[in-house]
Every structure is written in C-alpha cells, then in structure tokens.
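These are the residues of each chain, in order.
There are 2 protein chains.
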Amino acid sequence: MATLRVPQTVPSPAEDSDLLRKAFLGLGTDEKAIISILAHRNATQRRRIRETYHEKYGEDLFKSLGKEISGDFERAVFLWTLDPAERDALLVYDAVTKWQPGNRVLVEIACTRGAGELFAVRQAYQARYKRSLEEDVAAHTKGDYRKLLVLLLTTYRYEGPEVNMSLAKSEAKIIHTAISKKSYNDEEIIRILGTRSKAQLIATFNQYNNEFGNSINKDLGHNSEDEFLATLRAIVECLVCPAGYFEKVVRLAIEGLGTDGSSLARVIITRAEVDLKEIEEAYAKRNSMPLVQAVSKETSGDYKAILLALLGHE
Amino acid sequence: MATLRVPQTVPSPAEDSDLLRKAFLGLGTDEKAIISILAHRNATQRRRIRETYHEKYGEDLFKSLGKEISGDFERAVFLWTLDPAERDALLVYDAVTKWQPGNRVLVEIACTRGAGELFAVRQAYQARYKRSLEEDVAAHTKGDYRKLLVLLLTTYRYEGPEVNMSLAKSEAKIIHTAISKKSYNDEEIIRILGTRSKAQLIATFNQYNNEFGNSINKDLGHNSEDEFLATLRAIVECLVCPAGYFEKVVRLAIEGLGTDGSSLARVIITRAEVDLKEIEEAYAKRNSMPLVQAVSKETSGDYKAILLALLGHE
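Protein chains in written order, with this note's numbering: chain G, 1 to 314; chain D, 1 to 314.
Read the hints as simulated data drawn from the structure, not as lab findings.
One thing to keep in mind: the hints can contain errors.
Since copy identity is lost for identical chains, a pair holds within one copy or between any two.
Heads up, simulated PhoX-like pairs for lysine-lysine below, C-alpha to C-alpha not over 20 Å straight-line [unchecked claim]:
1) 63 to 218
2) 198 to 297
3) 142 to 173
4) 130 to 198
5) 56 to 181
6) 285 to 182
7) 98 to 130
8) 181 to 218
9) 22 to 142
10) 248 to 169
11) 32 to 67
12) 218 to 142
13) 248 to 142
14) 130 to 218
15) 173 to 32
16) 169 to 218
17) 304 to 98
18) 98 to 142
19) 181 to 277
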C-alpha cells in the first residue's frame, strides 16, 4: 500500500502552479508550500502540474525549482516530481555511468517493477538519453554482471498466474546442482532468474526449499560478502519479497555511519506510491523504532520534511 | 514498398464477412473468392473482418477456413490473415520449438522488425502461449546461440538517427580484433550487434570496411559453412540490407531441390505489406527471371494464386 496522502479535494493544476510560482517569488522560498503541494499529488497530478506550469509561466518547473532550492532537498523534490518511468530511467543512468559491482539499483529496478513499468523505463531512457538502456548497461559492465543485468533489464516477464510444477521441480534441481558446484555464474541460473515469471520463480524457490532443506538465499551464502552472490540474493529478494528487500536497504542506510541519504531517499521516493506501508511494517517488526522516527532522527530541515510527508506524516 | 494491392473502394468488414461465408457454403469451396478478399486487405482491414465474421457467424474465421481448405494454401491464408505481430509470434514459436542452428527465422524477426514491432511480437507471444518469448528461446537454445538470440529478441533498439563516430571507430576495431583472433563468439561482438542502433551499426560497419579493407561479412567467412558464422552474417544482412537478405532466402528456397515452400511463403507473406517490391527488384537483378515468374513456376493451384496475389499479380 502507498503512504502518499492526496487531499480529498485536489486543487486544479492551474491553482497548484500558481501557488508554486508564488512560493518561488519574493524574498526567500516557501519550502513548506512546495512540499504541501508536490508531496501530496499522485504521478498523474504531478505531471499535469508540470505541463500547466510550463504553459502558464513559459519555464520548466524543474528549472524554476532549481533556482530556489538545492542539495538533498532539491534532488528529492526533483526525483519525486518526475514520472515514475522517467525517474527510474534517471536512476538507471546514474547507476550505469558510475557502475560498481556493489551497486544494487539496476537489480532493484529490473526486479521490483512490473513488466510494463520496466518497458516504460526503457522508453523513457531512450527519450532522455537518445540511446537504449541496454546498450549503456552492456557497454558499462562486463562478464557475468553484464550477462545478468542486461537480461534482467531487457526481459519482459510473463505476469500470468500459471505455474508449471514439473518445470519448478526440474529448475530447482538445476539451480541446486549449480550451487552445489559453487558455479554461481552458471548460465542456467542466469537464464532461470532472468526469464521466468515471478509466479514460476516463487514455485521454483519453494520447491528448492522443500527438496533441499534450505532456502535458495541461504545456499547462496547469506553471510558471504562476495558481491556476485550478494547480487543474486538481491535478485531473489526483489522478485519474491520486495518489501523485505527495501526494508533491508533502508535499515542498512540508517544503520550505516551517517546516513546513506541516496538509498534512503530512493526507497521512500520510489515506493511512496506503491508499497511503502508494507516496507514501514517490515521495518517496525525488525527494528526498535518505527521508520518515521528513524528517518526523523537521521535527516533534517526541508529534506526531512519531504521524506516524512511522503511517509504520510507531517 | 509493399506489393499488396488494396482496391480503391474497400467493402465493409460485414460485406467481406458475408462473401467469405458464402465462399465456404455449398458444395466445394470458392478459393478464388477467399483470395480476392483476404489477399487484398491490409492488416487493419483483415483484423476487422475477423472480428466481424466472429460476431456475425459465432465462429472464428480461422476455424471456418480450416474446415474448407488445407495444406500449404491453408497455412498461407492463415499466416497472411493474422496480425503481423501475432504471425511473427507464431513463426517464432515454430522456430523455437524445433530450433536448430541453421534456423534463421529468429534472427530474421529480431533484426528486420522495428523496435516497436518486435515488442508487439513479444506481447502477442505472451497472449498466445502464456509464457514469455525469451523464456522459451532461452530454454530451447544453449551457449553462444542463446546469448545471441535472447539479446537480439529482447533488445529495444534506439531508432533515432544520431551516430557517434568515435564509438563507430572504436567498436569497428573491437570487432576486427575479435575476428582476427577467430573469436567469433566474443562477448563484445554479441554486445555490439545485440544492442546498438541500426544507424550506429551501419556507421560501424562502414568504418570497418574503410579501415580494414573488407566488409565485415567478408571477414566473417562469407564462404564458410560454419553455422554460427552464417548466423552472424545473417544478422549483419538483416540489419543493414533486409531486402538483400530476403532476396537470398527466396533465391535459395527456389534454387533448392524442390521448393522450400515455408521460407518462400514466409518472405512473401511477411513482406507483402512492407518491402516486397524491393525484394522483387533485388531478385530481378540477381537472377535470370522475375520473382513472379519463378514463384509461378515453382508453385501451383490455390497456393500459387495467393502468393501471386500478394506479389501484386493475379
């Protein structure tokens, strides 16, 4: 469930544009007004505001915002206000151009978005960067990571409920055999994770657990710090239990020395309209304080204000 | 240019449906009527006829057709009448389920269709087979072929005109180095062919020719019978000069002992609404008789009649 709170009566895009314009004018910027508008509109409403603002004032909303606000707050407002597909395209671009094996953003976007959403990201990427997403990912990565990431990002997974149990059985066995030989980059593991539907994969992982006694992620060395193994485990988590995966990202960001603001904000911004409620619940179960309180402790100022607003708290 | 001839005044889908129904009824089937209607309607018109026929007569048009006609003629009418994306999905399915290295249908569909068309094929495949195209292709192929085919079929190539000349230069060199080492399955060759835009690839191949003195396909052993090399050459041909590629398919089908009806019909049916005119021209230049005459000589009966109709001749 989403945490985004949209008022029962939403002002027209023209009214919102006027109020934003007013917030930018005069001495100082009215950050509270910016948050009270943008952080309480859904993706369609935000898109209309951008269009209307541009029509009325002849300037891109982001350009106007960029003159008034800065730093983490600016980045959060910018990312949040973008269409989800455009935002993901931008996150992919940032992840690709400074890609390192430890970067999980590509896996996260490839495996937690729906098939149609992921395809929309690829279209948005082309519109923005005049290249295909996969040509950039393929050019910036190598070897096993390339094989895995290009497939995960280009696949258009079937989303029907059908499950083939004998296939689940045979593919659980294929995965187990490969893992037993520590052949983690086996082309069959990559094929199965990269192409099967989520329903089919869940059946395969359950079958794995039943037949071989451990969860697949336990056998993928759940304590190992090997980055490729960690990537495989992240794929399984994102496919099977996205809320659990995101809870972990948020927890590690908050537990880290200082706050890894970029991961924390990314999860809040990309999931506020999707399943941030479930992520909050998973966080509350696993940690000693609610997520809102943790975010409140770790951040400050307008940046804190927008993240809390997206979490459904003012 | 297309060879399909659609009359200036097209009857309504209801009129066409009635005439088709009439052609099916009574003693014997009126094959001429079937051809005179279906082989002279474009994809949108054929789709409307299927819908209207189903509404009016409570039976799928293909089911009615299947009771009346058979063999090569039935298959040709069936393939032709399908939506292009549905038809390609079916051709992919047939190619995948009995896949052999010498089968070029997957390469042909992956590399001669536009990016949006190829995506529509993947959607049609899911609707029809309740699985993704790539999971079937990946499951039925292995090793280098799998790497190549899955990437070619899942890529969503950028179709803008932009060309990066320094990239063309560096990637021509990468390809040349790999070919010089006879490392034809080099992951960089697969990456470049599989992800770059057609405009970019044409620049890269031109650069290759200029800098290294041979066309890339000459260096890919243009006389070699190695199937993987032949596949790479087919990819280059499909990307750079589809009419030339299709001319060759048709020529080999006609030259073969007997006629490889399936390739001949496939090219005529899939290209009649696209570029069959150019394929005919390429054929006339290269062979001693026009394509229409060759088809006429090699086929017979209603099957011949529909192929000639699609070629724009009765």
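- Item | Which numbered hints fail | Structure breaks hints 1, 2, 5, 6, 9, 10, 12, 13, 14, 15, 17 and 19.
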